[in-house]
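Asker: The primary structure of each chain is shown beneath.
Protein chains: 2
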Amino acid sequence: MSMRSHYCGLVTEDLIGHTVTLCGWVNRRRDHGGVIFVDLRDREGYVQVVCDPDRPEMFAIAEDLRNEFCIQVKGLVRARPEGTTNDNLKSGKIEVLCHELTVLNPSVTPPFQLDDENLSETTRLTHRVLDLRRPYMQNNLMLRYRVTMEVRKFLDEHGFIDIETPMLTKSTPEGARDYLVPSRVHDGHFFALPQSPQLFKQLLMVAGYDRYYQITKCFRDEDLRADRQPEFTQIDIETSFLGEQEIRDLFQRMITHVFRQTMNVDLGEFPVMPYAEAMFKYGSDKPDLRVKLEFTELTDVMKDVDFKVFSGPATTPGGRVVALRVPGGSEISRSEIDAYTEFVKIYGAKGLAWIKVNDVAAGRDGLQSPIVKNLHDAAITAILERTGARSGDILFFGADKAKVVNDAIGALRLKIGHGELAKKTGLFEDRWAPLWVVDFPMFEFDEDDHRWNAVHHPFTAPKDGHEDDMDSDPGKCVAKAYDMVLNGWELGGGSVRIHRAEVQSKVFDALKISPEDAQLKFGFLLDALQYGAPPHGGLAFGLDRLVTLMTKAESIRDVIAFPKTQRAQDLLTQAPSPVDEKQLRELHIRLRNPAAV
Amino acid sequence: MSMRSHYCGLVTEDLIGHTVTLCGWVNRRRDHGGVIFVDLRDREGYVQVVCDPDRPEMFAIAEDLRNEFCIQVKGLVRARPEGTTNDNLKSGKIEVLCHELTVLNPSVTPPFQLDDENLSETTRLTHRVLDLRRPYMQNNLMLRYRVTMEVRKFLDEHGFIDIETPMLTKSTPEGARDYLVPSRVHDGHFFALPQSPQLFKQLLMVAGYDRYYQITKCFRDEDLRADRQPEFTQIDIETSFLGEQEIRDLFQRMITHVFRQTMNVDLGEFPVMPYAEAMFKYGSDKPDLRVKLEFTELTDVMKDVDFKVFSGPATTPGGRVVALRVPGGSEISRSEIDAYTEFVKIYGAKGLAWIKVNDVAAGRDGLQSPIVKNLHDAAITAILERTGARSGDILFFGADKAKVVNDAIGALRLKIGHGELAKKTGLFEDRWAPLWVVDFPMFEFDEDDHRWNAVHHPFTAPKDGHEDDMDSDPGKCVAKAYDMVLNGWELGGGSVRIHRAEVQSKVFDALKISPEDAQLKFGFLLDALQYGAPPHGGLAFGLDRLVTLMTKAESIRDVIAFPKTQRAQDLLTQAPSPVDEKQLRELHIRLRNPAAV
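Protein chains in written order, with our numbering: chain A, 642 to 1238; chain B, 642 to 1238.
Hint data in this document are derived by calculation from the structure and do not stem from the laboratory.
It is possible that part of the hints are untrue.
Note that the list lumps identical chains together, so a pair holds whenever it fits in one copy or between two copies.
Unchecked claim - Listed below are the simulated SDA-like cross-link pairs for lysine to any residue, each with C-alpha atoms no more than 20 Å apart in a straight line: (1) Lys1223 to Asp1158; (2) Lys1223 to Pro1235; (3) Lys1162 to Pro1219; (4) Lys933 to Glu910; (5) Lys1104 to Leu745; (6) Lys1162 to Val1238; (7) Lys1193 to Arg1072; (8) Lys858 to Ser837; (9) Lys794 to Ile856.
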């Protein structure tokens, strides 16, 4: 026998005439006409409890109720009087006439009202337990749970099994910074918390487990951005004996299943876009397709203009010149343009050229712009034709190294596309916009280190027929790698892996990782590949990010019960904290700056 | 399209006449009468593949196959010739006549035969990937997965939601030793890996999540025993608004469900035994009820015997004298008794008195024993009557501090009960023997520190009516704590928690934890209790242990994909390992003994 018969939020008109016992928290108490009304709250919602003075013992208790008291109510479900129903609540047609009332636990006055919408994040994280009582947070975490459960059900039905991989693992100096854990047993040795189970899941494929998944914590000790946490949760998946297309199909179905089951949303078909096309059109490998703005390539026609700002990048290898046409954008004011100019500088742009198209039929004369005078007629014609400009549009220009152009104009595209103008003019479509980005390059050249780096990771397989490019022309080599993008966020990504040792060696060669170094760092994987490793591949989804998107939460911290701040602190428990000297001694370490503590 | 149409192990006679495509590993190749037979293996089992020389291209490939090659086979399913079927295999009635054969990946010769039963653990853990290919390990990990999935389904149906709690949390100096993680951002500060999510799950109850669970890693940096790992997995559960009885009922049903769904085992009813009774009868709080041996209490009748070994403990407060009667045990030899004597010394016993009952009707004269001469007639009579001794039995005695007696004779009970004699004489019943042990004491007295410690943890609620004992007589105070025991292993344990701040304060008083100290260590919990914390309780199961029991694995390491050794090392990846000086500098720590690395 539970202390209750029903959840508060689930008492409906089906129970009229029945006696129920409810437990929950006083969300609000109102006194009205000598009667006390209590909005009682639990995980499932609210119910209205009515306390009449004709039961004086019970009424006396009701009079002492305050917000957030935890109480038990026994009473009769009855229809609310006409005109007092609340269609926003499942229980909105009924109320519970209280017969017995027990205070399970009183509450001191909370430091804030639970329905206060203007709390600072510091307040919310410091008093996280009360913050977590808010329906907003409860809905977020309940949805997060339902997402994981639907993922598990889908994967179970498709033969995937959850296998745990170690949390105390080996530090690898590549990639992001590791969180280290000193060993007590092995003086001077350290474990690392995993950045991902990548190598272990590949080992499980070699070991014949066929289909693996795990919803697991990963760790990166990086400087935090708004959507990053030191510990984050990954839906990590790997399968044997499937090719790239089948892997993508399967996990498209998985995400589609999750959206349908948890939100009743149909994601529809996922477009598939090569990386090169995404960069060409949107300057981004995770374009937000809700924004109906595209780059127009102009590099070729700007080579011989008198305007150095354009002709410089256009004639320099690795340079790029593009336009971004914003239909109806001529109403953007000078001060807004100035603000955009400052904005693109964040991404390395030196400025932001623009042309307002007042009258496209008038050609050069119909254009308003500080730069038109520097462009010859052929360039003007090309700009207008290629962008398809119409009267009333504005064109913005990016001209720099391709990376700067892509980053700056890509960011501007989103800023405008998510703004008021775009919503008003239909340039922003309010929908779910999923997308596969495929055919990523295997390698990117690191200008500083003068070497090729792996774009994904060094275990990613090259496309069939691209194996030989690894020696001769690494920059041309395309990988069997894919990212799933939703509304401009990378939801997940993965690749077909290399399963043959000799291909793996070629990749290490291209990356200038010596056989000795490779053996030292990844020896256990290389060894495993020798024993009949199966063809395999997989991917990983960021759960925190997925749920943030689904709930439209303001921050990733709103879908995590106990998150860290951007200074990597837990304000609730005050972690990290100083520890005893004895603990440090046992771990064979000492502080560099004892005075810092 | 997958590279295969079916799993090898699941090709049955239903598919006779169909063409199938299979992927797997060569488990064995036999040449017989000019034909090559391949036992092909995957996660789901074996299938026999027949390669006829009349397809020479395919046959040439088959001739080069070696063990552990990863291959793809396309062929026709046909019935095996009469007399060659194998009833041990699902696919034992059929074979696949190979039409096409592709080597997906060859294998070098493995360092051991996969079916070698005599591998050292070091070999197995060093070559874990090959070890994990063995059907024994695959079955263990598949069962582990099915257990977790059935747990999740059960909990989902009962309204429990999985909520993640932090891995990077606060160090608490109590309890087991923490694994520490130095903070880069906060000089001199450390996170700790969680020993359990205990405080967080209680906070989630206070926050109104109502029913929580998590299958999560926990960490203890303790010296390892056979059934311990530095990181282990806990099925962690908490609920609001249920009392002790309902919590036990629910989780008894959960474990019953898991055994039924995954092993088709009916666990039957769980006996419920108070802690005091378990200690009285078995000297253990996790008695193995398959062993039909019980202690006989003799303390009272040994007070005035001439034998100091007995009368000493019998007249000392906290002393205990018991007999353990082993029916049919008089055949135990002197050398076996000597071995038992050495065995009980491990547990602190100084020796092991014994009496062989050759002829119970003859009284003293029918007894064979070095100690009988020291016991007066009343003592002899009491021993024979209380133990219910019969001719052919042996009685062993424990006399010491109660803890030593319980530990030593409890261990002896198991050693004899699990031995050959017990199996032969029916003293050991080969069955599943579940049990609830309840009514644990709240506190135990620490003789060294001269203070009371919490038996479970300081958040455990006292039984109703025992609150006042906390001041006056802590030793009498019984807790709402319970352990689930199976075959002598503690599967899980938990308690109803304290939900009222004033009761929590009383417990801290009894434990001599000052209000300031309590605030410092558990302040965030104490704060939370003030805001209408609901009545709540829960428990945690050790997943590794549960699966070890279910699979009858020899070691907990056989149900974990990538375990640590007893020296807390991962032999596969060679973790822990030395790290770069740069990493240490960033973490504001240095090694005490740089020479150790």
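Asker: Name the hints, by number, that the structure is in violation of.
Answerer: No numbers; nothing is violated.
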